[in-house]
Every structure is written in C-alpha cells, then in structure tokens.
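S.K.: The lines below spell out each chain.
There are 2 protein chains.
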Amino acid sequence: MNDVITMDHGSGGKKSASLVQEIFLPAFANDALNALGDGAVLEGGANLVMSTDSFVIAPRFFPGGDIGKLAVCGTVNDVCMAGGAPKYLSLGMILEEGLPLDELRSVAASIAKAANEANVQIVTGDTKVVERGKGDGLYINTAGIGFLRHPGLSRERMREGDAVIVSGFVGDHGAAVMLARAELGIKSSLCSDCAPLTAMCASLAACGEAVRVLRDPTRGGVATALNEFVEDTPLCIELTEDAIPIRAETQAGCDLLGLDPLYCANEGKLVAVVDKEKAEEALAAIRRAPYGENAAVIGTVSARSPGHVLLLTRAQGTRMLSKLTGAELPRIC
Amino acid sequence: MNDVITMDHGSGGKKSASLVQEIFLPAFANDALNALGDGAVLEGGANLVMSTDSFVIAPRFFPGGDIGKLAVCGTVNDVCMAGGAPKYLSLGMILEEGLPLDELRSVAASIAKAANEANVQIVTGDTKVVERGKGDGLYINTAGIGFLRHPGLSRERMREGDAVIVSGFVGDHGAAVMLARAELGIKSSLCSDCAPLTAMCASLAACGEAVRVLRDPTRGGVATALNEFVEDTPLCIELTEDAIPIRAETQAGCDLLGLDPLYCANEGKLVAVVDKEKAEEALAAIRRAPYGENAAVIGTVSARSPGHVLLLTRAQGTRMLSKLTGAELPRIC
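Those sequence lines, one after another, are chains F and A.
Just so we're aligned: 1124 in this note's numbering is position 9 of the first sequence, and the numbers increase by one with no gaps anywhere.
Just so we're aligned: 1154 in this note's numbering is position 39 of the second sequence, and the numbers increase by one with no gaps anywhere.
Worth flagging that the hints you see were computed from the coordinates, not collected in a lab.
Check before you lean on any hint, since a few could be wrong.
No copy is singled out in the list; a pair is fine if it fits within one copy or between any two copies.
[Said to hold, decoys possible] Listed below are the simulated EDC-like cross-link pairs for lysine to aspartate or glutamate, each with C-alpha atoms no more than 20 Å apart in a straight line:
#1 Lys1302 <-> Asp1347
#2 Lys1129 <-> Glu1212
#3 Lys1438 <-> Asp1375
#4 Lys1249 <-> Glu1218
#5 Lys1393 <-> Asp1217
#6 Lys1228 <-> Glu1137
#7 Lys1228 <-> Asp1146
#8 Lys1438 <-> Glu1137
#9 Lys1249 <-> Glu1211
#10 Lys1249 <-> Glu1212
#11 Lys1129 <-> Glu1246
#12 Lys1129 <-> Glu1211
#13 Lys1228 <-> Asp1390
#14 Lys1391 <-> Glu1353
#15 Lys1228 <-> Glu1218
#16 Lys1438 <-> Asp1347
#17 Lys1302 <-> Glu1232
#18 Lys1393 <-> Glu1275
#19 Lys1129 <-> Glu1232
#20 Lys1393 <-> Glu1271
#21 Lys1129 <-> Asp1118
Whole structure, please, built from the sequences with the hints as guidance.
M.R.: If you want it as structure tokens, here you go:
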C-alpha cells in the first residue's frame, strides 16, 4: 500500500479492500462490521439492519438519474441485500459554496421521489457547507435502517451446484455515467439502471433459505461482487458468457470507452446465489418484481478453481475474472 | 435567499434554517423529520432514535480532539438529545486523493476510542475517494441509532418558570478550533470540550418528565440553541450573564478573535430546560456524570418577551441574543 490515498482506493476493488482490511476493521472490529455485508444486521428489539453510503458521483446528473436518486437507491438496496425491509433514511449533505440553489431543489425533489417509490422516509438530516474549491458541488451521505425480513443471508451458506442469478442487464449505470462524463457528444439511449430493489427483495424473501446470499454489484461490477462471494473459500463461480444479459448499447458504449460491462457499476441490480432446486422459483420471483423482467441464471457454483470466478466464453475458452484492481471507474456513485 | 450556496448556509444560523425550511422540509415532510430535533424518534418494534451528522472541520486535528473523535461524539450526542441511548454508528468517509494513510490510521484510532467510551459500535461503513482539489483531506459522516430511554422530550413541554441548565463551560470547542485555525502561534491551554454525553443523559433520564427538552449547542452555540427552543412560541428565555460558566481562557481567546462564547460551538455540552421544582435534582444528576461537574442553572423561562432570548448583563442591562445570522464559525464541526 502506498502511504497516501490514491484514486485507486476509491474504486471498489483491491485497494479499497485493503483500506478496510488494514485500517478500518482492526480499529472498529465487532461481529456486525466483521461480516462485511452491504449492511449490518444488528441485535436489538426488532432485528434491525443498518447501512450507509456516500455519493460523490461526477457528473451529478446523468441519463436515468441524478445524485439524489442514487443516494436513496444505493442505501435502500444495501439494506435490502442484508435482508432488511428498508424503512428510514438519514440524509447528510456537504454543499460547496456556489452550488446553485435550484440544483439543490432539483436533487431534493429526486430524493423525495425515489424515497417515495422505495417506501422509506427521510427522518433526519444534516447540512454542511465547505468553501469553493474544497468540494465538488454536492456530496451526499445516506444511512438506512430496515427491519430484517430475510434472515440468514450469507456467503457461508453457498454450496456446490447453487445457481447464480443476475436480476437484469449488466453494467448500465457505469457505462451511462462514463459516457456522460466523456462528453463525446454521442447520442445514446443508454441510461443508468438506478432503481430501488425493495419490491424485488420482498418477492425473493418468499424463497427463504433457498436464497444463500444477495449483493448489489455497484462499484467493481458483477465480476467484483461475485469474487467477494468466493474469495478465501473452497468454492468457484463459473459464469456462461452467453447467458449474461448485456444491452447492445451498453456493450457498444463500453467498447468505445475501453471498459468491460462486467466491471461496470450497477445501481438497480442484484446478484443472488440460490439453491439449484429453487433456482426457477427464485428467477420467477425476481421477474415478477419491478426491474426484474430480464433476470437470468448466469452461472453455477462449483469447486473447479477454489476462490475464483471463471467466465466460460463464447469461443469455448475459460477466462479468470479477478477483482477490479485499479480505478477503472472512480466517482461512479 | 441568494440563488447559490454561500458559507453562511453552513453556519448553523438563520441561513442554515432557511435551507431546511424552504428546500428540505417541503421535499421530505414526515412527522419524524418535521419535529426537527437533533435526532428522529421512529416508530417500530423498539422505539428507535436515529441521527446523522457530517464533519468537515478545519483543521482536522485541534487541541482536545480531532475529526474522528468529533464524528463519534457529535452523532452520539444528537441521539442522546432526542432521548435515545446510542448503540450503533455507521461511518461514511470521503477521502481526498493524497491524504496520508498515517493520518487516516490516526483518525480511525480516535474514532475507535471515542466509540468505546460512548459505548457504541461502528457496524457499517463506506469509503469514497475524490480527486485532489475536490475535497479537503477528509470528510466524515456518521449516522447513529439508539433505543429510546427518555421519551417525550420536546420544547412543546416548556412552561413559564422552568429552569435553564447548561452542563458546563460554554464555547470551548469553537474557541479552541478558531484559535488553532488562526495560527497565531499563541500558547494557550484552551481545549475543545468534545466528549460523549451518553452517561450524563443516562443520569438525567432518572428525572423523567421534569426534563422538558435537551439540546447540544453545537454550531451557533448556546444562544442559537436557546433561540430554537422559544422561537414562534409565547415563551422567552432570560439568562443571567453572571451565572453562565465561561472559562477565562475561552473568554480571552474569544476577545482576541472577536467572537462571543455564547455563539461558539460546544461538542460536549447540553442545555436542558427543566421543571423548576426538579431543577436542583437535575443539576445534581448532571454534576454526578462525567463532564458535568461545572453545570449551572443559567436562566429561566418567562413570558417577558415572547420568542426571544434575553441576557441580563452584569451591568444590570438587558441584551437580546438573536440566532446566529452569518458565518461566524464555518466548518467548526
């Protein structure tokens, strides 16, 4: 590790993980945090789930959403991935001097709309202002509380033969934001997939223990999320390239920008590992829910190459998909 | 209101309040948020309390603490002021490219130490990195959850004759930070009062309904916090200047910098309005607790000048203490 923070530390890949492992976990260790889920399941009267996320995205407005919608969906989805039904959000804003108030109004309206769809309330907040040049317009933190409705989700419960499901087209958010950022002047129908997964997870909860683990593949994309499931375990995930739903526009945008959709952030998708006996049932539960109509089984859990994610390519080859290493997509959420 | 964000919007005074009233409340209105407490009391299985705060302080290290200690105490105290016993914290970090990792380690250690003293666990977190020049080293957001132990705290319960108590010396945090920021090279023993009020509030909870309302006078100081108690009500708070505990070093530092300790931030103090019949009992409860040994009754609730805070000066005069209006102390927490 270098001795200063670099943009790589924010990519969601290996350097981000090193910060957590080498600095944060040793300092704060406790059972809830050590589980390293998207959210923490807490002891207490009501089986609480808590999660937090900060949003530093550039640009703040992008096709399919803005930083406000993202700030709601990101945290709501993290609570969902930990098995919680999201209920309350806190909202912390860091405003840069000079931010137009109309922009703040517009972001507040997006937050309200997304919160309404996700069925959560913004119950407490805080606003700070920093001098011009000490921020980048607007940073948002949200923390979310939910009540546990889908207990026991954990990668520890994965077994050989389990099915790997993705809830729809992969990589849309990352590709849309990077294309917007590149300012290439290209007309594209590419949109972020930013959406709350509250209803989809309520639907999946009916499958109970058959669902082993859930993750929303944000920074680092599907490839990084799946690596987190199997690393340091005797298990392997084998993906079938042909089975992975990728929009033609997303693939084209990624080709243009030199990106891989499997490493591009998603903000309205989940990956699920499910008991193979219940895979069709889980797939149907996801497809019935909003934003789930293009869900697909994309792979299986095996013991072929412990700790690794393999991609069985269209050309009948096998490619190892490692965790994101550099800052392929900094400030993507 | 101007049409862009100015530093005044972050002062904790009138301009900050205008953001809340004109932008955030209309967008997110719900009962918990509308109460505008330091934290929100939530419905749910276990009578939850939730609060959040972002910390953008400059400098990040100051006599008596650092941004890490502050990030724990600030949110812990907000949960306490809403009547909660704090239990869990989330931690969101926004790191600027180039931040030394040793500094991050040091801040993480401060967070761990303060969390330990406050008896809270850091259960979930998130880290983002922004490019050099798009931040100021390190911004921290914490959100806190607690369980309600002191129900019903509300300024609505204030009555004529109630006593106003402050839990110790006023203005130390703001004065210490501003003096550190001024880099005057002055040797001073002045320290921030940054501390968790968990134990003090547990002690006060025994006074039950006699405690009408609590507030930690952070940005905007004691004068602004008390104004928030009486504004738009038929009540007035009358303070006795001689009764307000102010350290000689703090007064001297404020005199040097042109500040008023009554408007300087505190990070380990509370103001309480208490039934006059129980004022001595509440004072004793505060004094028994850590950080409470210099608590004092500093005023009373009256109907003399509805909606206002009056200071009865040493010279037998009366001065109106309005809410902080400008950015007297930006980025103080």
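S.K.: Taking the hints in turn, state whether each one holds.
M.R.: Verification of the supplied hints:
no.: 1; hint: Lys1302 <-> Asp1347; in the structure: neither (43 Å within a copy, 53 Å between copies)
no.: 2; hint: Lys1129 <-> Glu1212; in the structure: between (34 Å within a copy, 16 Å between copies)
no.: 3; hint: Lys1438 <-> Asp1375; in the structure: within (12 Å within a copy, 54 Å between copies)
no.: 4; hint: Lys1249 <-> Glu1218; in the structure: both (18 Å within a copy, 18 Å between copies)
no.: 5; hint: Lys1393 <-> Asp1217; in the structure: neither (49 Å within a copy, 49 Å between copies)
no.: 6; hint: Lys1228 <-> Glu1137; in the structure: between (39 Å within a copy, 17 Å between copies)
no.: 7; hint: Lys1228 <-> Asp1146; in the structure: between (35 Å within a copy, 17 Å between copies)
no.: 8; hint: Lys1438 <-> Glu1137; in the structure: within (18 Å within a copy, 45 Å between copies)
no.: 9; hint: Lys1249 <-> Glu1211; in the structure: both (7 Å within a copy, 10 Å between copies)
no.: 10; hint: Lys1249 <-> Glu1212; in the structure: both (9 Å within a copy, 12 Å between copies)
no.: 11; hint: Lys1129 <-> Glu1246; in the structure: between (32 Å within a copy, 18 Å between copies)
no.: 12; hint: Lys1129 <-> Glu1211; in the structure: between (30 Å within a copy, 18 Å between copies)
no.: 13; hint: Lys1228 <-> Asp1390; in the structure: neither (36 Å within a copy, 43 Å between copies)
no.: 14; hint: Lys1391 <-> Glu1353; in the structure: within (14 Å within a copy, 71 Å between copies)
no.: 15; hint: Lys1228 <-> Glu1218; in the structure: within (15 Å within a copy, 39 Å between copies)
no.: 16; hint: Lys1438 <-> Asp1347; in the structure: within (13 Å within a copy, 57 Å between copies)
no.: 17; hint: Lys1302 <-> Glu1232; in the structure: neither (29 Å within a copy, 56 Å between copies)
no.: 18; hint: Lys1393 <-> Glu1275; in the structure: within (14 Å within a copy, 66 Å between copies)
no.: 19; hint: Lys1129 <-> Glu1232; in the structure: neither (34 Å within a copy, 32 Å between copies)
no.: 20; hint: Lys1393 <-> Glu1271; in the structure: within (18 Å within a copy, 55 Å between copies)
no.: 21; hint: Lys1129 <-> Asp1118; in the structure: within (16 Å within a copy, 42 Å between copies)
Going through the hint list in order, the structure does not satisfy hints 1, 5, 13, 17 and 19.
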